[in-house]
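**Student:** Here is what each chain is made of, one letter per residue.
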Amino acid sequence: MTALLDVKQLSKSFGGLVAVNNVSFALEAGRITALIGPNGAGKTTCFNLVAGALRPTGGQVFFEGRPIENTPPELVCRMGIARTFQIVRPMRDMSVLENAMVGAFSWTTNVNEARSTAYESLESVGLAGKADARTDQLTLPDRKMLEAAKALSTRPKLLLLDEVMAGLRPTEAAGVVRVLQRLAEAGLTILLVEHVMRIVMEVASRVVVLHHGAKIAEGSPSEVAMDPRVLESYLGAGFHA
Amino acid sequence: MQKRFEGAPDIKPWLAGAMVFAILAVAGALANPYLISLMTIVLLFTFLGQSWNLMLGIGGQLSIGHALFVALGAYSVAVLDVKYGISPWIGLLLGMFIAGCAGAVLAWLSFRFEVRGIYFALLTIAAAEFARIMFSGWEFVGAMQGLFFPAPTNAIEFAMLRGDARFYYFVALALAALGIVGTELISRSYLGYVWRAMRDDEQAARALGVRTFRHKILVIAISAATAAVGGGILALVQGSIFPDSIMGMGPSVDVLIGPVVGGLGTTFGPLVGSLAAIPLNHLMGALGDSLRIPGLNNIAYGIVLVLVVWFLPDGIWPAMVRLSKAIRPPSRVWLPQPRKAEE
Amino acid sequence: MLSLWLNVLASGVLLGLVYGLVALGLTIIFGVMRVVNFAHGEMVVFGVYIGYWAVRLWAVPVIVAAAVAAVVMFVFGYLLETLLVKRFVNRPHHYQFIVFIGLSLLFTGVLLVTFGPDPRPTASQLSFHTVSLGPVTLDLARLQAAATAGLLITLLGAYLKFSSFGRSLRAAADNRLGGLVVGLNIPRVYAVTFGIGAACAGVAGALISPLFDAQPYLAVDFTLLAFVTVIVGGLGSFSGALLGGLLIGVAEAIAALTFSPSMKTALPYALLIIILIFRPRGFFGAKEI
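Residue numbers (my numbering), protein chains in the order written: chain C, 632 to 872; chain L, 1034 to 1376; chain E, 2 to 290.
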């Protein structure tokens, strides 16, 4: 079976700075994979390369066997990869439901169909009750989930989540974890970019660790957690002390 | 499940709009000729304002050279009618096509390299000015001497869109109504959602699969084509067109005053804004003429614009809506029915 | 034939320097404040009227009129920024545009009320004097305007580059937040910037008053010309404004020689459209607007 997403020797440099260096990994369908690493490890760059927001300087990205590394973000989305933004970007003047509708227009032009899809997306992230609220009335975790709902409305095969847990309290993060687990059980493939390692261990079935732009480990959460290089570089020398 | 999300049809604004237009229609039948001709201009600029509003208020693209599209429509109608005796209906269609293409090309030129915002705005004004100068020197379209329609008769000829002042009043009224209905339909269609998403955050919209490049071209082309229709009728109403009066900076500003004063991105804003601003301009112009002080209308327009943006940045219409909501009990304000009630 | 071309080129370069000064005012304001001054042409015309007053009524040389214009327009710009413009600096571009459109209508109206719509020529005796440099013959008014403009551009460039206030201006242009952090007085920087921009326009207006009749409606043409110049050069770029000014000046002069007079006014726009096709951000344009 071919992987849903196959990243091969991906590199990106900005001027002289190499942000992502020769990174390869593959995502299996229906599972949650986490891309982790300390600040500045190149996670978000890697994420943006997959989402089409950046063009790589080397390497390839295959989605369902098709190369997508030079595809603009809107077409990447239409192929079935939806993303969220680290800094939540709700659209002002539009209600929560209307925000979630926009994504549906990537596959339909029917407003009613979009509305019911958006409603389902909101329901699956637990925001259905706030469908008619204005986005500036939402709390931070709700806004993060709205981002996810917007992405879900595009009916993705792969969902890319950029630091959805960042800034959340442990109880709030636990709620997000449950949402993600439900989505994965329903057959969605998820790639998480996270800084908070502990939560990732709970939710991901596979973990890819980046450090200084390069992949230093890959495996199940327990394998990665034992890897001395990960402990050394990711958690820092302080971990041993 | 599907049915619940169709949303109850929002009757009240439509009803209010229909009433406003009924009153305007009755007024048109009764009012004196001066008021009729003033209101014709108000309604035409309501329509032109709608066209401009579609582009900025919904599509997020600022045009400060909208007179270009207005003039392309006006010239299409005038050249066909005056030089070849071809019906303005054909001229309107031709104008829509030419202006739509001009808008699309301009948009394509600018957005191809992701040049946006203020650069695009400056490009529109440069294109309008370029066209004005070219038309001023182009004998075929009358150059500086302009084009004159045949003198108006009192016989109404629908096929040639010819008639008296009252006839044009009703044409303008129909056009303004069409503009309001059209804007409302577009903003409720998928285009409205996609364009507003693009207006608020282009990167986020693209990530949700919105092909912003083609949508920007589309919204500008549609806006340009509708502006051309308004321009064609404006030419017929005025009876003559000159490059300076229809293509310069002046008409570009006239187009945007209605929606800015009335309320950007709102359906009724351009009507309210035009109703407020254009009579003021005429009044001050007449006052200036009688006192032999030219420029009074400029001063009045200038002060109104600055004050509106300063104190009523949303425009008059949203302020009126807020006021009416504050006065009325909240239960009477229509809200979409949340599903929450059933859980 | 060659001498004719040289003459045309020289007069184009001379006027281009003045255009460069006008554009510089616009581009400094944009670079620091991210505000496009759509009333820039009116500020040029204020300068032209100052020139007209000074030369016709007080019989002072144009160069003195230019100094008066610099002071008057700096104060005017400074006050306008503190009283009004600063409220709109952080608003979206279209609001700013509308405010400035309002201001430009207001200014034109004030000029119309004060001076009437008829053109008023500033006949300076300089216009009738010429100097010859080999095959090139130049009128003194133009030469003086260009020399002054060139000098001012150089001084302003040096000031921005070497003075501490100039450095803080550039810091504010690069990074508003950074400027705040290092303790720049941003409101004052903005007000002074707007004053400098207005002064550039005013001085340029006074300098060209012997060449153009003073007329309120001239303002729109100058605003548009300044836009074209800065877009050609790149919005927000100092060298771009200068280069754009020279390019437009020379293009206009050549067009006047080879095409009809109406083509002369159309050519800057044609140039702009060509530039936008090949180099959409101008020669020295900022990456992100």
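Just so you know, these hints were derived from the structure itself, not from any lab. Mixed in with the good hints there might be a few duds.
Said to hold, decoys possible - Below, a list of computed lysine-lysine pairs in the DSBU-like style, where the Cα atoms sit at most 35 Å apart: (1) L:Lys1116 / L:Lys1358; (2) C:Lys639 / C:Lys788; (3) L:Lys1116 / E:Lys265; (4) L:Lys1358 / E:Lys87; (5) E:Lys162 / E:Lys87.
The model shown is predicted, which means the values in this text are computed figures rather than measured ones.
**Student:** All hints, please: hold or fail.
**Tutor:** Verification of the supplied hints:
no.: 1; hint: L:Lys1116 / L:Lys1358; in the structure: violated (54 Å)
no.: 2; hint: C:Lys639 / C:Lys788; in the structure: holds (20 Å)
no.: 3; hint: L:Lys1116 / E:Lys265; in the structure: holds (29 Å)
no.: 4; hint: L:Lys1358 / E:Lys87; in the structure: holds (32 Å)
no.: 5; hint: E:Lys162 / E:Lys87; in the structure: holds (25 Å)
Going down the numbered hints, you'll see the structure goes against just number 1.
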